[in-house]
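S.K.: As a plain string of letters, each chain reads:
Protein chains: 2
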Amino acid sequence: MMRDMVIGLEAVLADGTIVSSLTKMLKDNAGYNWKHLLIGSEGTLGVITKTVLRLRPLPTTNQTALVATASFDKTAQLLRRLEVSLSGRLSSFEVMWDDFYGAMTEAQLSKRPRPLKLGYPIYILLEALGGDPDSDPAQFERVLAAEIDTGLIADAVIAGSERERQALWAVREDMAGGYANMHPCTVFDVSMGLADMAGFVADVRKEIPDRFPGARMLFYGHAGDGNLHMAIHVGKAPRTDEVESAVFDLVRTVKGSVAAEHGIGWTRKPYLGVSRTDAELMLMQKLKDTLDPRNILNPGKIVG
Amino acid sequence: MMRDMVIGLEAVLADGTIVSSLTKMLKDNAGYNWKHLLIGSEGTLGVITKTVLRLRPLPTTNQTALVATASFDKTAQLLRRLEVSLSGRLSSFEVMWDDFYGAMTEAQLSKRPRPLKLGYPIYILLEALGGDPDSDPAQFERVLAAEIDTGLIADAVIAGSERERQALWAVREDMAGGYANMHPCTVFDVSMGLADMAGFVADVRKEIPDRFPGARMLFYGHAGDGNLHMAIHVGKAPRTDEVESAVFDLVRTVKGSVAAEHGIGWTRKPYLGVSRTDAELMLMQKLKDTLDPRNILNPGKIVG
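Chains as they are written, first to last, in numbering that gives the first Met the number 0: chain A, 0 to 303; chain B, 0 to 303.
Misleading hints may appear alongside valid ones.
Note that the list lumps identical chains together, so a pair holds whenever it fits in one copy or between two copies.
Here are the simulated lysine-lysine pairs, DSSO-like style, with alpha carbons at most 30 Å apart [claimed, not checked]:
hint, residue 1, residue 2
1, Lys205, Lys26
2, Lys49, Lys254
3, Lys285, Lys49
4, Lys268, Lys235
Hints are computed from structural coordinates only; laboratory data are not their basis.
Turn these sequences into a full structure, and let the hints steer you where they fit.
M.R.: What follows is the structure in structure tokens.
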């Protein structure tokens, strides 16, 4: 996450004070961590003018595969096992539910065949990064083969070249085709504990068509950090507020976040209370009032 | 770092409000991150009553070595190279300067011989963790052998058993013997950018004996995150304030932190300004005044 990469910060506060800590220290427990308060505050507590980012050495190897599993439960087990057996090299674990995989690969059929056949409930794009060309690729193949033996992986294809790697990533990222018959649609960026994710998806799949007959839905996400994306199309007329209200009611039941990575701004502001208690909202307002008493910094966003 | 492991928090604020976000979400950008403001505030902004910690699967393999290098510059290069070549498995990179290594191994000579001979400027305890018993140990040996070929490692010994591993760790951690003729001593927990560390150590080694003839010093640290520990003995009479003042003057010149991991409390409070600008101290005071206007929470610590 970006927050974890920021080690130094400079910001201008509402009263004109320049507060600066452009250090290169990774570890520092000298006083209050005001940097984390500014990060993600969307310009409402101060204007960030400089940052120092942590750099990491570039990995020199990558291995990419598309695998299918028989259930979300097996998917979660697979994630936990790969985190260990790949010795921390697992860098992508992009879950695609069957609806998303079907739509994306359908749109690309003119360019290439489906890398794995339809019919599984879950497809996962896996990538491992590393720095040891002598052992990384063989380790990756051995670890995936072991999970085929355990039954956690039902089917798999490993990219054998950079061209094949890009073709597998296109299944996850070449959105234009997959979204072709989804306009207009409401997109979501929610998060929750991994243990709640299968039930949440099942609830959305039941409730949304009940309330919006003929709705089309795509589910996909970065399961490794509990982040789930959804695209929901309920007909030609935009009904964003109704769809959001229905989905966020379900987010509330799993104590999830309405904004995993894209923030609140003003469009998600009415739903901040889904993810935050009244006491938290009061604390946020108090911090805003302290740092920006005249409400001149990006007014109307997040709180106030 | 502990901060990165905390994903949920409950705290009681000075006005009695219970503010709670005991979520299991790893990724959440819904509003201000008040959790990071409370973490590390040493009870001065609220009383933390519950936490949710991130758990990670236990690694199943470890490989441990003690190596020597010809300079701090080569040590820093080695760190950067191992971060890549061990594919992110490097978990310990404990730097010990010759004075520390000499004192610690001297104290243990009745139990075991020195694992590496004296005479190098820097010794490093290395550990890698992983989950693949089929390839991790061989990879570790291959990577270290490659760095002997590049000349970054001058000498090395790899632990061949758990008993040998514990003997290598004792060089770093069995403090009682190494500190035997250091009482009373002043210990430090500072941090800085890795590029500044060699010059800083050289400056301390020059300035302290100039001001305190006969001073004895030990240097060691977690170089991977810029953390340096020092123990300084300047005679039988405690002269903590003078020693701290001299060392922190040098910390100021490298824009380092006076408290990398152990916090400020009241003993480091006079030196908070070494690591923080006046604007930062004013911001911290403002946050304290907002959240604890009657100064009832751990008064006298950090600020106020």
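S.K.: Mind listing which of the numbered hints don't hold for this structure, in increasing order?
M.R.: none
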